[in-house]
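There are 2 protein chains.
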Amino acid sequence: MSLTNGLEIPKETLDAEIQAFFDSAPPLKNRVDISEKLEEFVKKNSIPSGSGGVRKVVCVTSGGTTVPLEQRCVRYIDNFSSGYRGAASTEYFLKAGYAVIFLYRRGTCQPYCRSLPDDPLLECFEYMDESNIKVSQPHSEAVRNAITKNRAAVTGSLLLKLPFTTIFEYLQMLQMIALSMRSLGPHAMLYLAAAVSDFYVPWKSMLETDSKILLEKADMALKKYKMHMVVANELSTRKEEVVVVRSNEKVSVHRNNSLGDNDVESPLIELIVERHSAYVNNSDI
Amino acid sequence: MSLTNGLEIPKETLDAEIQAFFDSAPPLKNRVDISEKLEEFVKKNSIPSGSGGVRKVVCVTSGGTTVPLEQRCVRYIDNFSSGYRGAASTEYFLKAGYAVIFLYRRGTCQPYCRSLPDDPLLECFEYMDESNIKVSQPHSEAVRNAITKNRAAVTGSLLLKLPFTTIFEYLQMLQMIALSMRSLGPHAMLYLAAAVSDFYVPWKSMLETDSKILLEKADMALKKYKMHMVVANELSTRKEEVVVVRSNEKVSVHRNNSLGDNDVESPLIELIVERHSAYVNNSDI
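So the protein sequences, as listed, match chains A and B. For what it's worth, my numbering labels the leading residue of the first sequence as 4, then goes sequentially. For what it's worth, my numbering labels the leading residue of the second sequence as 4, then goes sequentially.
In short, the hints are calculated from the structure, not lab data. C-beta atoms are modelled at their ideal positions from N, C-alpha and C, and glycine is treated no differently. Check before you lean on any hint, since a few could be wrong.
Stated by the list, open to error - Calculated pairs, DSBU-like style, for lysine-lysine (alpha carbon to alpha carbon, straight line, at most 30 Å):
#1 Lys137/A to Lys98/B
#2 Lys137/B to Lys98/A
#3 Lys98/A to Lys164/A
#4 Lys137/A to Lys14/B
#5 Lys226/A to Lys14/B
#6 Lys152/B to Lys152/A
To be verified - Partial list, computed: chain B residues near chain A (C-beta under 10 Å):
#7 Pro29
#8 Asn33
#9 Asp81
#10 Arg109
#11 Pro166
#12 Ser186
#13 His190
#14 Val204
#15 His231
#16 Thr240
To be verified - Every beta carbon over 12 Å from chain B, so not counted as near; a handful from chain A, in silico:
#17 Ala19
#18 Pro29
#19 Arg34
#20 Lys164
#21 Asn251
#22 Lys253
#23 Val254
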């Protein structure tokens, strides 16, 4: 799938390559849900619109795709993209009367949110008292725009947002979208603004991470980097259990489901704070 | 900097390696600003706290670092991390009376925001009329918590948030933080929850992207992928100018600063909508 090769590829070879990609991809987890949303959206927008004409529908893709390097996805190669162009283009397509399927990378720029700060929730709002929220002045217009215009487009079935992360998700979803838009004929448009990787690592050839060497590595890091403590965890159980490794002890810390603060971080920080206090007191002597 | 090598590295070699990293790193853009914030934060938290004791300060790092593969940073290798553990740990450290320097990857999980949806601004709020905002029910408690607890910690100088993206930013900022916390002695703690790459590509050895081949590639993509149109842009001027490439025309589209909608996407989508209309009308015949 490289752009650098300008030679014409025979159709059979290309078809076989495409088939190999889809065959090797990990299956989409929410395929049924996406499929239902797409069908409903296209159906709603297939009915002639108010002015009598048939509504045009565009799929705007936005943001970069990731290429996982491991099955459990600790490391991956990513393409830089803020998603600004995709979000901006979506706004202008909506303004021009199009319905938009916005296929975007999780966490990237959203339509009508371009002029907001990185964490609008934390940076724009203030609670005056129990029931009154204030939007801080320089952002009040932008916040209203973002909330009302986004809601109007979504509830009016003019904007369908579908998030992806990996290249496997992106290409499978794009295929579903393209197929569901077929019925719209020339009224359908694909506007592919996403920064898509021009390669991928076949899912089956990826290395699984080995959980056995975890404590070995923790011990080694403790010595090599001269740390007081290493908190080791496995990816799959990271929210349930961690092991605190020190030169003279290994403590397994578990999430306590019977307490209010049911994060593993609650007993973990408690343990660390206790050890830190002992360390501070020791330094005072 | 690989964990897989357990051998003891002589101190001089390690020091030289560290020096080489910092020498080769692209300099931080906002070093002065970060330095001022750090100095102020540490100073405020060096004064004995209300209960008479000295306040403890922890630097919590959170999220994954990126390793750019190109100087203009189109592609990079990333470490997966939602930033959940760092954000959760920050909350528990604050609860335990610590002041926290939260060194986090841009876009990852924020303290007190763990139970909110991906886009809380767009998914939790509704404008009832000009001046009344409603928070939708299932999220109202979580939204209040996020806004008030974050604000209390930040305005009370108990939480300093510093964002990074690349491994170059992360390690330079961590060094600055470590140096500024030195004066706190044993009351300082470094809690390094970030998923940091154990390698980097030296900045100077990276390939610059070649802008000359842009239109050549666009032409090639047009033919190879049988598209109607390719929108080409250079990274550095992507918000100012794009070139629309079709089989029979190349149109340069510029941002119009004199108009209200001053995005290049405004004239771009206008052009595309016009060509699409012509295409639809043509199909009708």
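Each hint, compared with the structure:
1. Lys137/A to Lys98/B: holds, 26 Å
2. Lys137/B to Lys98/A: holds, 26 Å
3. Lys98/A to Lys164/A: holds, 17 Å
4. Lys137/A to Lys14/B: Violated: Lys137/A and Lys14/B sit about 55 Å apart, past 30 Å.
5. Lys226/A to Lys14/B: holds, 13 Å
6. Lys152/B to Lys152/A: Holds: Lys152/B and Lys152/A sit about 29 Å apart, inside 30 Å.
7. Pro29: This interface hint is violated because 15 Å lies over the 10 Å limit.
8. Asn33: Nearest chain A Cβ about 14 Å off; hint violated.
9. Asp81: Check passed: Cβ of Asp81/B comes within 5 Å of chain A, closer than 10 Å.
10. Arg109: holds, 7 Å
11. Pro166: holds, 7 Å
12. Ser186: violated, 14 Å
13. His190: holds, 6 Å
14. Val204: violated, 12 Å
15. His231: holds, 9 Å
16. Thr240: violated, 13 Å
17. Ala19: Non-interface label stands for Ala19/A: nearest chain B Cβ at 16 Å, farther than 12 Å.
18. Pro29: Check passes; 15 Å lies beyond 12 Å.
19. Arg34: About 20 Å separates Arg34/A from the closest Cβ of chain B, which puts it past 12 Å; holds.
20. Lys164: Lys164/A not clear of chain B: closest Cβ-Cβ about 9 Å, inside 12 Å.
21. Asn251: Consistent with the label, Asn251/A stays out of reach of chain B, its closest Cβ about 18 Å off (over 12 Å).
22. Lys253: holds, 18 Å
23. Val254: Fine: 16 Å to the nearest Cβ keeps Val254/A off the interface.
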